[in-house]
Amino acid sequence: MATVQAIENPAPHHPDRRGAVTILAKVFSFPVFMGAVLSAGAAAATVWNEAPIMAGKLFGEGDTWWHLTYGQSILATHTWPRVEIYSFTAHGVSVIAYEWGGEVIMALAYRLGSLRGLAALLVLLAISFVLLMFYYAWLRCRNPLAAAVAAAMLTPVASACFTMRPQLLGYTFFLVTLIFLERYKQGLTKSLWLLPLLFLVWVNTHPSETLGLFALGLYWACGLVSFKWGPLVAERFPAGRRRHLLLVSLACAVVIMVTPYGPSLAAYPFEFILGRSYVTWAFTEWGPLDFSAPFGWMFLAIILLMLVSQWSSPASFPIEAVILLLAGTAEASRHARFVIFFAVVSAPVLASLLSKWLPTYRPDEDHPIANAVLVGAVILGLVAFFPSRLRLQQTLEDTFPVGAVDYIRQHDSLNHMFNDETWGGFLMLSIGPTHQVFMDGRDEIYTYNGVIEDYIRIVQAQPGALDLFRKYGINGCLIRRTAPLGKLLSGNPEWKQVYCDDLSVIFDRVEQRMK
Amino acid sequence: MHHATDAAPPGVTPPKGGAAGGLLGALRTAFSFPVMLVAWIFLVVVRLAERNLPDPDIWWHLRNVQYLFAHHQLPNVDTYSFTVAGQPWMNHEWLAEIPYYLAWRAFGLEGIEILMLVLLESIFLLLVYLSYQRSHHIKASILACWFAVALGTVNFGPRTVLFGYLYMVILLIILERFRARGGAVLWWLPPLFCLWINTHGSWSLGMLIFGLFIGCGMVQGQWGNLVAQRWAPQDLRKLVIVYITAGASLFANPYGYKLVAYPVIYASRLPLNITFTQEWITVDFHSPRGKVALVLLATLFTSALVSRFQWRLTDLAFILFAFYCGLTYDRFLFLAGVIAAPIVAEMATFVPPYRPEIDKRWLNAAIIFGILAFVTYRFPTPDDLEEQVAQEYPADILPFLKANQFPGRTLNYYNWGGFLEWNAPQIKTFVDTRVDIFEYAGVFGDYLKVHALVDPEGVLDQYHIQYVLFPTQEPVIRMLEGSSNWKPIFKDPLTTMLERVEPQPTGASPQGSN
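So the sequences go chain by chain: H and G.
Residue numbers for the first sequence follow our numbering, beginning at 1 and rising by one.
Residue numbers for the second sequence follow our numbering, beginning at 1 and rising by one.
In short, the hints are calculated from the structure, not lab data.
Keep in mind that the hints are not guaranteed to be accurate.
To be verified - Cross-link-like lysine-lysine pairs, in silico, DSS-like; alpha carbons within 25 Å at most:
{"hint": "1", "chain 1": "H", "residue 1": "228", "chain 2": "H", "residue 2": "185"}
{"hint": "2", "chain 1": "G", "residue 1": "449", "chain 2": "G", "residue 2": "491"}
{"hint": "3", "chain 1": "H", "residue 1": "496", "chain 2": "G", "residue 2": "449"}
{"hint": "4", "chain 1": "G", "residue 1": "449", "chain 2": "G", "residue 2": "402"}
{"hint": "5", "chain 1": "H", "residue 1": "496", "chain 2": "G", "residue 2": "487"}
{"hint": "6", "chain 1": "H", "residue 1": "496", "chain 2": "H", "residue 2": "471"}
Looking at chain H on its own, in the form it has when it is part of the complex:
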């Protein structure tokens, strides 16, 4: 309290001191403290079950490694991949590194700090995402506590996507876009001209820029009309502002053509959506949300909470916020990977509903010293709990087939191997392209030639699975030790187990060798 008094009644002979104290009071204000707590939560949300360490989710995603492979290739060759060289099943087909910007950032982080560099990047991105979500929620409700509680509730939901992939950058850009649009609605219009620049970076980082274009179009369309329908509100923009928004939107639509691949990169999301039939059911994140999983349960609880809150104490919402929320809910329900989209668009709505129940921030009652101590504790905690190089390496070995890769390196004959899809990226990074993979997480290059379909037949040991080995001329097989396919191969005289550790097993085709 003494500090607060000092802020309110500064010594008359020290004007500089007054300014410094005011700045410090702002720096260590309650909202900043809430931001620090959310940062700690975001860092904690990067912990993976199989690797209970901060940034452990680095190992929860097989795609991380092929993104890194592409990033390293671009840094090394100063060219963008255009032809597939890492797999033998899609060898020579045209490829687009549609997330090359994010991949280069990942490669730079890896170059700077190896696994620790990647871990730091993941934690940094998660923290940035959560803090932006907090700010976006605050912009709408102007209640830091409500915004922080909303962000805290949504962090577990969004954390399902806190993996080391460029998509986390993409959704961070989406948040920035929504923040610019919200500020624009509130009269801060000039900063909107930064959006074309953002879109230029975004389209070269992750294909989610389509969501940004959708948001721009939605805000523009909702600004054409003015009405109040129950709690739904639309406010017509003055003609000049409408024109401004339209020009910015058009500029954004134009700059997304500026990529190493021209307009093909911008067209990628649409091509993917049209040709994704196999992907939707073959891969979990494109499947529907699992409501019995923790983040699914949280998602359901938040929706029900918003419904109850709105019924019991109706609040007004801009029409565009409601449309975004409905779209986010529908997409997240249909595709688990979009829970992060839901988290972004529901943050301001949830915060607005919560702000009716939670007290507003009163700077005069703040405790900057206590806040400073707690912020410092959070920062120290983040540093102290950051995993060591050894710990990360050990987790990598527990999760990916490091030992098997060493074996393959010593046996050049294993050059046409079937592999577990989630390990494909790791193999690309470790021994590609000299040892080409059967399949990895780049779904798009395996969709059109039927490789995904064949992969599923093989891993599920469906009829004709072994015939498919012959079709592809496969002479080895790297799979998980517990995979059903292993049982099928171990009972087959054509196959011989040549390597086994706690995680993986390699089978060699005897018939091929004898020839």
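Guided by the hints, dock chain G onto chain H, whose structure is given.
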């Protein structure tokens, strides 16, 4: 709480000149537009359900009643399998099995099909009635019922749970009638619950709904669009007494307190069943049913925002409960549909009301007769039903099983256990879909080790399995066919039976005996 008086139904505009009486009036009602709409529901339910006869549970249900009629007592221990033979087992759905068995005795598979359709149609007809009771708007009621039909498809089949949902609708009708008019109607609930507990474990959901109904009337107030009205003291007293009586009536069953505790034990002690059984998975929003659930959710969302619809606290509690259950477990979407229908009907009163004066009864009659003729013409023959069964169950192997002796133990496919127990009782099964008894004993876990090829040889040796009877397409068949220790003794496109050719391992302790 004051009982509402039944106001003039806003969903129906009475015809000018008053209603016609007698036979003509009955005919006018029978061939009215609402009846024609209900006939469409009837048709769609028949079409959606007619291919669902081969439910894996129905066979052991029939066997249970066969045992009951032969021995005049319920089976208290397992006698069908060799893995859990002699272990205590509670037939918690015994009363629902009897009508299915009697239907089968009377008309064979057609009897089971007819009973299933009668149950389904009764549920949805009563649901239309319940929705109308709430909304007084027949078109809105039928619209809401379409949602319920779409969500209910998850349980379309000859299943005992249909009795449970029938009782659920009756419970809701009684509660709604009590809320609107009071009176003695509540006293139907103790016998209903007594019937329910002997029929299906869903009585626990009924008690929960009844409890929520009472609990939400303990407070009074209005919060935005949410309204709660406190019970009048005499009503509350009556509700509590009936609740306690209904609770006491649950103990009137052949297994006493054990059957009352069964739903809790089922939910807490069967993790494998919850994880691996198809009907316990979460809702798939890519499926048509999932999309309907999503539309219903979006409707509620939108109504929360734009509608001035006044929500009763009871409705809110019901709908939250129903959606939590329905979205978490696909099988509870039926429950979600049943509970949501009357509320959706009340919200959908923006639909233009039915106007009898512009009704074209000759057209309605033609459509109704057309639907009835179509259903009768397309009703599956016994051969059709046998074919349905043969497409999913190993019907073609039955003569082979009857003609030969199989001295060793047989590992069977999970979904085929009941079918074998009913059609080839001389074969003692490894597992069937009475998952509780098998999971308690660890047998279901061992079965999954074989099915998922985690440790098939270990389990086959542990149980001294001599024969394996599985679908031809299953990976375990291909694995064993590749081994020199097993040879096929029967094979068709659906079914493969393998026999062990090596001597059985010794030393492992088998469970039960064949």
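Hints, one by one, checked against the model:
For the suggested pair residue 228/H and residue 185/H, the alpha carbons sit about 17 Å apart, so the restraint of at most 25 Å is met. Straight-line distance between C-alpha atoms of residue 449/G and residue 491/G comes to about 23 Å, which keeps the hinted pair within the 25 Å bound. With a CA separation close to 23 Å, the supplied pair residue 496/H and residue 449/G stays within the 25 Å bound. Using a Cα cut-off of 25 Å, the hinted pair residue 449/G and residue 402/G is violated, with the two alpha carbons roughly 29 Å apart.
As the CA atoms of residue 496/H and residue 487/G are separated by approximately 22 Å, the hinted pair is consistent with the 25 Å bound. In summary, the hint linking residue 496/H to residue 471/H is supported, as the alpha carbons are separated by about 19 Å, within the 25 Å threshold.
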